[in-house]
Amino acid sequence: MKHLLSAQDLTRDQAIQILDIAEEMAATQAREVKKLPTLRGQTVVNLFFEDSTRTRISFETAAKRLSADVINFSPKGSSVSKGESLKDTVLTLGAMHTDAIVVRHYASGAPYNIAHAGWTDACVINAGDGTHQHPTQSLLDAMTMRRHLMGPTPVGQDLNGLSIMIVGDVLHSRVARSGVDLFTTLGAKVTLVAPATLLPIGVDTWPCGVYYDLDQALREAPPDALMMLRVQKERMSAAGGGFFPSPQEYTRDYGLDEARLAALQRHAIVLHPGPMNRGLEITSGAADGARSVIVEQVANGVAVRMAVLYLTMTGAKGKVAA
Amino acid sequence: MAVGAGTEVLTGQDISRALQRIAHEILEKNHGAAGLMLLGIPTRGVPLAARLADVIGGIEAGWEAGRSLGELDVTMYRDDLNRGPIRPLGATRIPPGGIDGATVVLVDDVLYSGRTIRAALDAIADIGRPKAVRLAVLVDRGHRELPIRADYVGKNLPTAADERVTVKLQETDGTDVVLIQRTEGER
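Keeping their order, the protein sequence lines are chains A and B. Just so it is clear: in the first sequence, position 87 is 87 by our numbering, and no numbers are missing. Just so it is clear: in the second sequence, position 63 is 1063 by our numbering, and no numbers are missing.
Isolated chain A, as found in the complex:
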């Protein structure tokens, strides 16, 4: 695996390999000495054109735990604010012999461009591009679900037979897109629930079911895992931006509250990619409740990113890995 650009590129076997290696990485993180010498001497640049807390820190932690050198780049305070193009920024990094570039960009497809335009021979890992893909997020979601829902020995397993429900702002969500791709590859059944205004055109061609009514969906397709999406206010024009009448109405129709929480199956878990709008798409009671695995998702994120860095950055350079 040279790059990780989209969850769609992963075969079932590749996805399981990443999750299995992530389990081994997670085991090393319980030790007193958490650092491994695996990527010693290699350099990872975090190229973040968009704000992020957990993804950037998670990638930085993962790279440092594998002994890589980490350089954090943000456009504020760099030549990007003087008008430097993406190409020139990447060429600059290439001239400094970067081994891997972790990209977060507001434009869909920017990581693909960096990987395939011939600007660099570094590994490129997509850390979220526009409304397109966020593959490591869906991998950590899959790891969390596999640990909770696929029995006591997750290693080697997929998500076969699970019912996964993704609720909320699907239109702007790269998390939903990667999730639908990866979870169906792993054999799960995915259901999307959102107001019609927050579903993209062409959603009927996706390999998943669609509901407009959350309570009806919870009755008719009871989920094993319920993933609440963040309402992405920054991608909407004004508060709500005309996508829904008011935040109160969104909360009433699509928010996860105590009543909906109580309607879930006994074993069901609640996920949220973060950052949460508490009180909008999820109540504090649901976010901090016993079913919530939201904090665990963050911990698993480090393990998954260690696995992805390991798989992209080791092996003979230029050789296609098995």
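Simulated from the structure, these hints should not be mistaken for lab results. Check before you lean on any hint, since a few could be wrong.
[Claimed, not checked] Derived lysine to aspartate or glutamate pairs resembling EDC-like cross-links, with alpha carbons at most 16 Å apart:
#1 Lys87(A) with Asp51(A)
#2 Lys35(A) with Asp1122(B)
#3 Lys35(A) with Asp1126(B)
#4 Lys1168(B) with Glu1008(B)
#5 Lys233(A) with Asp20(A)
#6 Lys34(A) with Asp1126(B)
#7 Lys34(A) with Glu1008(B)
#8 Lys233(A) with Glu50(A)
Given the structure is predicted, the values throughout are model-derived calculations rather than measurements.
Keeping the supplied structure of chain A fixed, place chain B upon it in accordance with the hints.
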């Protein structure tokens, strides 16, 4: 890389006799089983360590294999991760008490360049501080690239660099045998 059919150098019985002897040697040198811990290196060091533990448990009553048998994956400590294909990771299972103060015996199938053992020593240093680290191998085929030697050897097998030593075990390959094969030229 073409590989010939191979000559059998150790039969199943030879392997079992060698492990019996190694178990006795470990106990002799350690003055009993106190503080002893066996760590198998994946893949084939793991079943070998389990077999040694069985033998030791049969000799020393009161020695519990469950508390003193583990496995140690060294992949992430290797110095050749940038060559060849990407390596899958094995599991690391350290007994609940940890390795601090124990006499750790590393168990592997073939000792060759010594680089795997170098990686294992680094891995051990990250997990704890044992009292001593020893090395038991089923086959020592020579050609060391580092100043490392085995404390317990099943069979010393003088080989040429272009020969390949293959260890097959019941647990991983369905049969117990050690083969030596001549490779016909590099790819």
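Each hint tested on the structure:
no.: 1; hint: Lys87(A) with Asp51(A); verdict: 20 Å, violated
no.: 2; hint: Lys35(A) with Asp1122(B); verdict: 12 Å, holds
no.: 3; hint: Lys35(A) with Asp1126(B); verdict: 8 Å, holds
no.: 4; hint: Lys1168(B) with Glu1008(B); verdict: 11 Å, holds
no.: 5; hint: Lys233(A) with Asp20(A); verdict: 35 Å, violated
no.: 6; hint: Lys34(A) with Asp1126(B); verdict: 8 Å, holds
no.: 7; hint: Lys34(A) with Glu1008(B); verdict: 43 Å, violated
no.: 8; hint: Lys233(A) with Glu50(A); verdict: 14 Å, holds
When each numbered hint is compared with the structure, violations occur for hints 1, 5 and 7.
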